[in-house]
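There are 2 protein chains.
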Amino acid sequence: MDSPKNSNSALIVNKGIAQPPAINPRAFQILKKRPEKSLSTTALLEGIRNGSTPLLAQAITLVESTLEKDREKAGDLISACLPYSGNSIRIGITGVPGVGKSTFIETFGKHLTSVGHKLAVLAIDPSSGKTKGSILGDKTRMETLANDPRAFIRPSPSGGSLGGVARKTRESVILCEAAGFDTVFIETVGVGQSETAVHSMTDFFLLLMLTGAGDGLQGIKRGIMEMSDLLVIHKADGSNIEKAMQAKVLYQGALQLFPSSPSGWTPTVLTASSLENTGMEKIYTTIQEYMQLTKGNKFFYKQRAEQSVHWMRESVDDHLLTRFYNNPRIKNALPEMEKKVREGKTDSFSAASELLKLL
Amino acid sequence: MDSPKNSNSALIVNKGIAQPPAINPRAFQILKKRPEKSLSTTALLEGIRNGSTPLLAQAITLVESTLEKDREKAGDLISACLPYSGNSIRIGITGVPGVGKSTFIETFGKHLTSVGHKLAVLAIDPSSGKTKGSILGDKTRMETLANDPRAFIRPSPSGGSLGGVARKTRESVILCEAAGFDTVFIETVGVGQSETAVHSMTDFFLLLMLTGAGDGLQGIKRGIMEMSDLLVIHKADGSNIEKAMQAKVLYQGALQLFPSSPSGWTPTVLTASSLENTGMEKIYTTIQEYMQLTKGNKFFYKQRAEQSVHWMRESVDDHLLTRFYNNPRIKNALPEMEKKVREGKTDSFSAASELLKLL
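Protein chains in written order, with my numbering: chain A, 900 to 1258; chain B, 900 to 1258.
You may find that some hints are simply not true.
Given that identical chains are not distinguished, each listed pair holds provided it fits within a single copy or across any two copies.
[Said to hold, decoys possible] Straight-line C-alpha distance at most 30 Å; calculated DSS-like pairs for lysine-lysine:
no., residue 1, residue 2
1, LYS968, LYS1230
2, LYS1256, LYS1201
3, LYS1230, LYS1256
4, LYS1142, LYS1238
5, LYS1238, LYS968
6, LYS1244, LYS1201
7, LYS1238, LYS1194
8, LYS1244, LYS1197
9, LYS1201, LYS1238
10, LYS1197, LYS1256
11, LYS1181, LYS968
12, LYS1197, LYS1238
13, LYS1256, LYS1238
14, LYS1201, LYS1239
15, LYS1230, LYS1201
16, LYS1256, LYS1244
17, LYS1147, LYS1181
18, LYS1197, LYS1239
19, LYS1147, LYS1194
20, LYS1181, LYS1194
21, LYS1181, LYS1197
22, LYS1181, LYS1142
23, LYS1244, LYS1230
Treat the hints as calculated values from the structure; they're not laboratory data.
Keep in mind the model is a prediction, meaning the values are calculated, not measured.
The task is simple: from the sequences and hints, build the whole structure.
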C-alpha cells in the first residue's frame, strides 16, 4: 500500500533534500549591527545553514529564553534566518490523548523521510510547564524518528502563557526552515486553546480521531473539527477496520455540511494505522493535493501573509500582557480577585478596574 | 402549533414579569462613595429598577461612552446594578446576513413577550462603526417588537475594538437584567470574531441556517456550528418545507458526530418560519429543556462563574491593549508596519519589537 518508491513527487516547493546554499550576505549585514554579539549569532546562523542539529537545538533554546539579552540576540538570529525561511509545509497535528499522536507522527514522519523529506517536529503544550507531562517530552516514544538523521524532534517550550509558548514555537519554525527542513509538524494536545494558535501558524490542519462515531472526540474542544483540513481515523487495524470505514463514511457526510473553507478545499476523511503502517501514502498525496490547490488559487500565500500580520499583533499583545501579569503585585492579587469574581462577590469590571489600579 | 396559551411555564428562574423589587440599600452604599455624582447615578439606578426604558437607554449610553469620567460613573452604576442582575437567560443568536435574523428575532421575541417574558435585544457588531450598516441599527426592521412595551431593542455599540464592543455589551446585559428583563438576546453577524465573544457571555447559543445542506453556511466562520446548542433551519415555509426537513435530518446526524459539550446537552436541530410563525413554541420549549438540564447538573452556574472570570481578564486585556493601540505613534506606524509584514519585507517579531520600542 504505502510504497515509498511511488512517492517521488515533492511535498513542497523545494524538491528533495534542501542543500545548504551559500550564506546570503544580507544576513551578515543584519548581524553586523551588533558587533559584540555577532560572532556567536553568526556561528549559530552558519551552523543552522549547514544543517547542524546541535546548533539548531541551541538556537531554539535561545529563542525560548526569557532573558532580555537572549531575546535581543534571538531577534537578530531570526531576522538573519528569515530570508531562508518559508520553504516548508507547516502541518498542525492534533487529537486527544490516547489517539496515538506519537506513533502516528513517528510512522508518518518515517514515511516522509524515506521519500527524501527533512522533517522537523515541534509542539505546543502550554500546560507542560505545570504538569511536567509534556507531549514529546519523552523522545523514546518516537525512538525511530529521533534517531533518523533527516528528522529533528523538539519538545514543547515549557511554561509561560499560551501566547509566549506559541510565539516561541513560531520562531522555531523559522529556524527549522532555515536549517533546510522542508516539512514541519506542530503537534498540540487538542483539548485547550492551543489549537487556535497552531491553526494560525500552519498551512494544513490534521485532526486524528479514533473509530466509533463521537467516542474519539470525547474531551476535544468544540470547533476543532470545523477547522480541520483532514480527519484521519487512526488505529484502523485488526477488528477496528470495519468500524473505521463506517466512521469515515459518517464523517465525510458530516463534513459536507460544514461551512466551506476560504481555501476552496473540501475537508477529507481518511483511515490509517501506525501499527500496520497503512494509509500513510494516501495522507501524503492528500496533503500534496491540498498544496497544489491552494498554491494554484493563491490561498496558501494569502493565508501566510495574514498569519504574519496576525503574529505581529499577537507578539505585541503577548508582550504587553505578559509584562502586566508578571508584575509581582498583579501576580499576588490575581488569584484572590478571580475567586471573588467566581463566587459573585464582585463583578468582572470592578475587579478588572481594581487590578488595573494596582499598577 | 405555536399556541401562547400552552406556554405558561417560565423560561427562567423568575416566573412571569419581573416586578421591580425594593432598592437594595447596598446599592446606595456603593454610590455614596462618590457624592458629587451620586445623584445622577442614583437616579439612573432608580429609573432602571422602576423599569424606565428611556433611563435604561441612557444608562447604556453611559456604559458605551469612552470618556474617562463616564467610565467611572458607569462602573459605579454597574456595581449598584449587580445585586439585581443574573436572573435572565442570555441567548446568543447568530447567522449569516440573509438568513432572516431580524424577522426571526421579531417573531420569536413576540412569542416570548406574549407568554409574559420581558425581552431585551442587544447586538455585537464590531464592524458597525466602519460600515454604518449596523445590525439592528434600523429598528424599523423589527417594528412590532420595537413597539412592544415588554421588549427593549438596542443596536450594537459602534466602533472600537471587538474587546471594547463586547465589554460594553456585557455591561449592558447587567443593566437590562437589573431593569427586570428576564430574557436577553445577543445578536451577532456570524462572519467574524464576535461569535466567540457572544458565546462567552451567553448561556445558550442559537445558530440560524437556511435550507439546503451547506448553502446557508457560505461565509460563516468555521467552528460556529460546533459551538451551537441549537440549529434552527429558518424560512421553512412554502416550497422550502421539504428541503428544510431533509436538512434537519442531515444536520441532526452530523451533530451526533461532534465533540460532546461539557454541558451534557446534545445540540438539537429544529425548523422554523417567521413568515408563517411556525416552530417558535418548539424552540421555546427546547431552550427550557436546556435550562432544566444545565441548572440540574450545575453546568449553568459553573459556566457563568467561569464567564465572569473570563470577562475580568478580557476587561484588563482590552484596557491594556486599547491604551497601546490608541497611542497616536502606534496608530500612525501600524498600517505601514502591517504592510511590510504582509509583503514579507520584515518578520512578525521584528515588526512587533519595533512597534513596542515606539512607546
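Exercise. List in ascending order the numbers of the hints, as given earlier, that are violated by the structure.
Key: 4, 10 and 11
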